[in-house]
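S.K.: Listed here are the chains, written in short residue letters.
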Amino acid sequence: MVTIPNFMNALTIKNLKKTYDNGNQALKGIDLNVEAGDFYALLGPNGAGKTTAIGIVSSLVNKSGGQVEIFGHSIDSDHEVAKSFLGLVPQEINLNLWDTVGNIVINHAGYYGISEKVARQRVEKYLRALHLWDRRDDIALSLSGGMKRRLMIARALVHEPSLLILDEPTAGVDIEIRRSMWNYLQEINEAGTTIILTTHYLEEAESLCRHIAIIDEGKIIEDAKMSTVLRKLQREVLILSLADDLKQAPSLVGFKAKLRSDCQLEVEKGPDRNINDLFEQLNANGIRVVSMRNKANRLEELFLRLVDGKYEPAGNI
Amino acid sequence: MNIQLNLVAVRTVIRKEMNRVLRIWIQTIVPPAITMTLYFIIFGNLIGRRIGSMDGFDYMQYIAPGLIMMSVITNSYGNVVSSFFGAKFTGYIEEMLVSPMSNVSIIIGHVAGGVLRGMLVGILVTIIALFFTRLEIAHPFIMISVVLLSSIVFSLAGFINAVFAKKFDDISIVPTFVLTPLTYLGGVFYSISMLPDFWQGISKANPILYMVNAFRYGILGTSDISITYAYTILVVFVVLLFSVSLFLMKKGIGIRE
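Residue numbers (the numbering used here), protein chains in the order written: chain Z, 1 to 317; chain W, 1 to 257.
Hints are supplied without guarantee of correctness; some may be wrong.
What the hints assert, rightly or not - Straight-line Cα separation of at most 30 Å, DSBU-like style, residue types lysine-lysine; simulated pairs:
no., chain 1, residue 1, chain 2, residue 2
1, Z, Lys148, Z, Lys28
2, Z, Lys28, W, Lys251
3, Z, Lys148, W, Lys166
Stated by the list, open to error - Computed, partial: chain Z to chain W, Cβ under 8 Å:
no., residue
4, Pro45
5, Gly47
6, Leu88
7, Pro90
8, Leu97
9, Asn107
It is worth saying that the hints were derived from the structure and are not from the lab.
Where a beta carbon is used, it is the ideal one built from N, C-alpha and C, also for glycine.
Required output: the full structure, derived from the provided sequences and hints.
M.R.: Okay, structure coming up:
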């Protein structure tokens with residue numbers, strides 16, 4: 001058992017490059033530092049290089065250049081120890097569909113040198129946690145898409161990795177199961193597991209992750225704390241549900257307001273205004289608000305602006 | 001290398017392979033038993049009675065070691081090529097690739113799976129043979145060592161085939177166009193002493209001839225070739241094919257992008 005110092009990076013990537021045989025330069029020298037214990041989002045549009053980067057870290061893709069260390073252990077010179085820290089939930093379903101749920105997880109433990117006795121205890125623990133214990137004797141082929149995803153998570157956790165990489169783990173999973181998976185991931189993160197998550201559901205990244213990196217065309221274009229990144233989003237559009245119908249939008253100083261319907265008001269807020277100002281003016285106009293939400297997910301809006309090249313370093317998003 | 005970790009990992013791969021063999025026993029165990037029973041009935045019993053004796057043994061006795069070896073070879077090869085390619089094709093090979101188990105352990109685990117299926121089928125075919133003829137083992141150590149080494153050679157060959165295979169057609173090309181002809185021409189059904197000198201020379205370039213004859217020597221005590229040559233060829237092939245397998249795994253050819 002290797003002890004992990006608290007200050008250590010779970011993952012360090014330096015100048016990582018990958019050029020495929022067909023000439024496609026998937027990674028153009030990326031640097032990433034993921035602190036131990038972090039919940040880290042790695043986002044990017046399709047083909048940006050996320051899966052390639054994860055493939056290299058997990059030894060499924062040969063790199064063209066650069067260095068990768070997992071808890072200080074190089075994947076080149078100390079790969080056995082480096083790999084023992086890592087758990088991977090890949091994007092594509094890669095289960096032995098003809099084997100039983102229980103066997104799949106037990107076998108995975110065996111590949112990490114875990115004895116069958118210990119493996120059986122952990123199989124029960126993780127299959128129960130992911131609501132698959134009742135299906136342990138069924139072949140993986142008989143599971144639904146969401147169950148297969150949960151099985152891949154149980155499989156990745158059975159050796160209790162210190163770093164868990166989830167490549168779009170909730171793709172195709174219904175909202176109820178997705179939320180229970182979020183809760184479970186938060187639990188294991190709070191218990192000390194560092195998690196790197198890629199997802200196309202940006203509300204998932206926003207609600208789970210504390211740190212975010214955005215990769216586009218093989219380069220990191222943003223790498224900061226989630227709160228720092230969201231602060232860069234200077235313009236927000238809010239939808240207010242009103243208690244009483246309105247005939248026309250009120251005139252609000254410092255805000256642009258328009259009616260979406262008789263009882264819904266759309267308000268655009270600039271960087272120099274806050275929500276308190278808005279409500280003071282609404283109160284003064286006798287308008288009562290029942291509920292409020294963002295028109296678009298904040299991270300989604302920021303993400304689109306960044307990958308569309310509209311990002312301005314001055315924070316004028 | 002963490003020896004304990006890799007021992008558990010190898011045991012896991014072997015268990016997985018044996019589970020697979022037993023789960024699909026109707027595809028892995030039954031066909032060779034039926035095929036070999038037909039060989040014994042048609043070639044041994046019906047045709048063999050007209051042929052008479054060969055090298056001092058009745059024909060049924062003479063072909064029995066060759067048929068056992070043939071089933072061991074094809075099943076060892078077939079098990080590894082289909083299992084490893086299946087894992088590659090459906091992606092669950094990644095379970096092993098992301099784990100800390102070594103490339104040597106991945107190879108040993110799969111080869112051991114191939115050897116176990118080869119032995120299982122070999123024992124079954126031997127039992128079937130005993131319904132048709134009497135077999136007294138002349139040299140038990142030679143018999144066991146030759147069948148084990150031959151099974152390892154063809155398991156490794158199956159592994160290499162699976163590494164290069166990109167589609168299911170690719171795993172049947174070698175057995176159909178290379179393995180089967182070489183086995184049939186490897187002295188299973190005849191002694192090469194019956195052939196003209198030229199064809200005897202050609203036959204001696206076939207490595208399966210040495211395996212079949214060495215195995216026959218282990219059971220019947222008769223062989224067309226030198227047992228020392230047979231062992232040399234077997235050991236050279238084991239070392240060569242294992243080295244190639246390891247090289248392919250380290251480079252990630254056909255496995256890692």
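S.K.: Against this structure, judge whether each hint is valid.
M.R.: Hints versus structure:
1. A distance of roughly 33 Å separates the Cα atoms of lysine 148(Z) and lysine 28(Z); the hinted pair therefore is violated under the 30 Å criterion.
2. Between lysine 28(Z) and lysine 251(W), the direct Cα distance comes to roughly 22 Å. Compliance with the 30 Å bound is thereby established for this hinted pair.
3. Restraint check: the Cα-Cα separation between lysine 148(Z) and lysine 166(W) comes to about 25 Å, which is no more than 30 Å; the hinted pair holds.
4. Of the supplied interface hints, the one on proline 45(Z) is violated, with its beta-carbon coming no nearer than about 20 Å to a beta-carbon of chain W, more than 8 Å.
5. Evaluation of the glycine 47(Z) hint against chain W yields a violated restraint, the C-beta minimum of about 14 Å exceeding 8 Å.
6. A least Cβ separation of about 5 Å between leucine 88(Z) and chain W falls short of the 8 Å threshold, and the interface hint therefore holds.
7. With 8 Å as the threshold, the beta carbon of proline 90(Z) comes within range of chain W, its nearest partner Cβ sitting at about 7 Å, so the hint holds.
8. Given the 8 Å rule on beta carbons, the hint for leucine 97(Z) holds: about 7 Å separates it from the nearest Cβ of chain W.
9. Of the supplied interface hints, the one on asparagine 107(Z) holds, with its beta-carbon coming within about 5 Å of a beta-carbon of chain W, less than 8 Å.
Violated hints for the displayed structure, listed by number in ascending order: 1, 4 and 5.
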